[in-house]
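Colleague: Residues per chain are reported as follows:
Number of protein chains: 2
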Amino acid sequence: MTIKAAIVGYGNLGQAVEHLINAFDDFELFGIFSRRDTLDTDAAIYPVADAARYKDEIDVLFLCVGSATDIPEQAAGFAEHFTTVDTYDNHSKVATHYAEMDEVARANDNVSVISTGWDPGLFSMNRVLGLSLFPDPVQNTFWGKGLSQGHSDAVRQVSGVQRGVQYTIPAQSAIDQARAGNGQGLSKTASHERIVYIVADESEQDRIRDEIVTMPDYFEPYDTTVHFVSDEEFERNHQGAPHGGYVITTSELQGHNASVEFSLKLESNPNFTAAAMVAFGRAAARLQQQGNSGAYTVLEVPPYLLSQQSHQEMMETGLV
Amino acid sequence: MTIKAAIVGYGNLGQAVEHLINAFDDFELFGIFSRRDTLDTDAAIYPVADAARYKDEIDVLFLCVGSATDIPEQAAGFAEHFTTVDTYDNHSKVATHYAEMDEVARANDNVSVISTGWDPGLFSMNRVLGLSLFPDPVQNTFWGKGLSQGHSDAVRQVSGVQRGVQYTIPAQSAIDQARAGNGQGLSKTASHERIVYIVADESEQDRIRDEIVTMPDYFEPYDTTVHFVSDEEFERNHQGAPHGGYVITTSELQGHNASVEFSLKLESNPNFTAAAMVAFGRAAARLQQQGNSGAYTVLEVPPYLLSQQSHQEMMETGLV
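Residue numbers (the numbering used here), protein chains in the order written: chain R, 11 to 330; chain Y, 11 to 330.
Hints in this document: simulated from the structure, not taken from any laboratory. Among the clues, some could well be false.
Which copy is meant is left open, so a pair is good if it fits within one copy or across any two.
Derived DSSO-like pairs: lysine-lysine, alpha-carbon spacing no greater than 27 angstroms straight-line [to be verified]:
hint, residue 1, residue 2
1, Lys14, Lys155
2, Lys103, Lys198
3, Lys14, Lys103
4, Lys155, Lys65
5, Lys198, Lys14
6, Lys65, Lys275
7, Lys198, Lys65
8, Lys14, Lys275
9, Lys275, Lys155
10, Lys198, Lys275
11, Lys103, Lys155
12, Lys14, Lys65
On a predicted model such as this, the values are computed, not experimentally measured, just so you know.
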């Protein structure tokens, strides 16, 4: 059965979801809902205000709108008419978002899979999996090497900075410590470094470096290194959006160490977030077809629903 | 709610499960079913032939009997009376085992979670997860460094071998190739090495090495290294049962590489297999309490059911 999908929002995430939906055999793209009339796409474009009109033609709606304000304001409205999937990433408000989506989706026989992507998302699954295995687990999550949008914005606010970008990098010593079972108490500050690349006039570089490394909260508690590069080098090497990370869980079991690790290395953060979102979108459509309704976190989704293959096929081909 | 658990079989796996059940707050050990009257345990011991008599006092039964013949012969009989969990590891017969267990468990309102452990088990989940993310994934599973029981038995059959053990080791070059996205077509033979440690008289060592490295199927197609060690060194360094491995999935997404990796490093294979089994035993008991019945592979279990924590608690504490 083909899953008819539509997308709200056409930024980096929406564009990457569109590409994946076209690449997978089991999806069919209905179109894109946008406030704009023209988008650089071959897909059909519909005014977002008319979305509800098409509810019977769409199995799952990908909410590719901003996590900070758009999701809290708009997501429940879409869940009234559609089975949805989102990448809401405010960890501290997941429970609130879940409760709101659950009420609306349940009342309308829709399914809403929330907070997909990789963190929250695949990392959430692996945190829970790792912690569930052991009576006394030690667990650490590391992020990077990754471009941090918030920290890049912060350095660009410093006077004299022409271009600037910030990467968060997990300290190798901290990763090694976690793998060896000694990660207990490792702080986020001690286990991550910040590397900044800046384009600026030479006369201003010392002051700029000082302002960055002493910036409270953002940089001051971290080991921060500022590199000044030419405009050409910045253009060549710092246009991507790499990211990644590690979830490492260890425990002693009757005197024997066990270490479980899940890691990602991504050249493009939005492309991979989209890949995880599309897999959970597939699961959302299937959950709804199975007669379920309400909100689901990634922890509530049986993994076989993420796959194009049937469960029987997976058992018969040795994947289990 | 406390989960009342019992164990059938008291080998390495059963003993490790017993230890974990006693260590987790949410489990309570009813006892061990055995054909023997006395076991080296403080737990209650019951004759396995009387097991059905205690069905109402047990929420989940851990089938810690041999995978090769005991599970196919006995598992369905237990599923008639109990919610069960097993570590059946014959990948090519998982579908058959599932069908048998499903019929009996469903008819008796029990749940049977089959083929838990790490491979099948955690590796199965991560194979399906990795493959589900990408339209064109490349995936490799590597095993080791690990003690192989079958290959250790084979070297001990060679005349003149006093003590012997075999470790399977994934070739670092093959792991690097997979991580770089070039794992397509990597054979199991090309990506694993075999290391053998033998105690034997010096006069016989050349012949023994020859017989081992030329042994068809077991060693001949592999890069095999045979080390001869003293009885003391063997005693000191080769009594453990280490194991581990990697599931590596890569893909290109619109020209950007993505790499997803799940790995384990275990000093004791049976202890960790038990840890995975106990987590899925917790899920089996809860699935049954929720009103479900029938067989489940690990792919059908929503991950939150593996945890001692409630789903609400996981959302509120930032695990999602």
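Colleague: Indicate, hint by hint, whether the structure satisfies it.
Modeller: Consistency of the hints with the structure:
In the homo-oligomer, the alpha carbons of Lys14 and Lys155 never lie at most 27 angstroms apart, since the shortest distance is 35 angstroms inside one protomer and 45 angstroms across protomers. Taking the closest pair of Cα atoms, Lys103 and Lys198 come within 27 angstroms of each other only inside a single copy of the chain (20 angstroms); across copies the shortest separation is 45 angstroms, beyond that limit. Neither within a single protomer nor between protomers do Lys14 and Lys103 lie at most 27 angstroms apart by alpha-carbon distance, with minima of 30 angstroms and 35 angstroms respectively. Proximity of Lys155 and Lys65 under a CA criterion of 27 angstroms is satisfied in neither setting, with 40 angstroms inside one chain copy and 53 angstroms between copies.
Within a single copy, Lys198 and Lys14 get their C-alpha atoms no closer than 41 angstroms, and across copies no closer than 39 angstroms, so neither meets the 27 angstroms cut-off. Neither within a single protomer nor between protomers do Lys65 and Lys275 lie at most 27 angstroms apart by alpha-carbon distance, with minima of 37 angstroms and 48 angstroms respectively. With identical chains, the CA atoms of Lys198 and Lys65 are never at most 27 angstroms apart, being 44 angstroms at best within one copy and 48 angstroms at best between copies. In this assembly of identical chains, Lys14 and Lys275 lie within 27 angstroms of each other by CA distance neither inside one copy nor across copies; the values are 30 angstroms within and 42 angstroms between.
Both within a single protomer and between protomers do Lys275 and Lys155 lie at most 27 angstroms apart by alpha-carbon distance, with minima of 8 angstroms and 23 angstroms respectively. Taking identical chains as interchangeable, the C-alpha atoms of Lys198 and Lys275 lie at most 27 angstroms apart whether they share a chain (19 angstroms) or sit on different chains (24 angstroms). In the homo-oligomer, the alpha carbons of Lys103 and Lys155 lie at most 27 angstroms apart inside one protomer (26 angstroms), although the nearest pairing across protomers, at 42 angstroms, exceeds that limit. In this homomeric assembly, Lys14 and Lys65 come within 27 angstroms of each other (Cα to Cα) only inside a single copy, at 11 angstroms, whereas the closest approach across copies is 47 angstroms.
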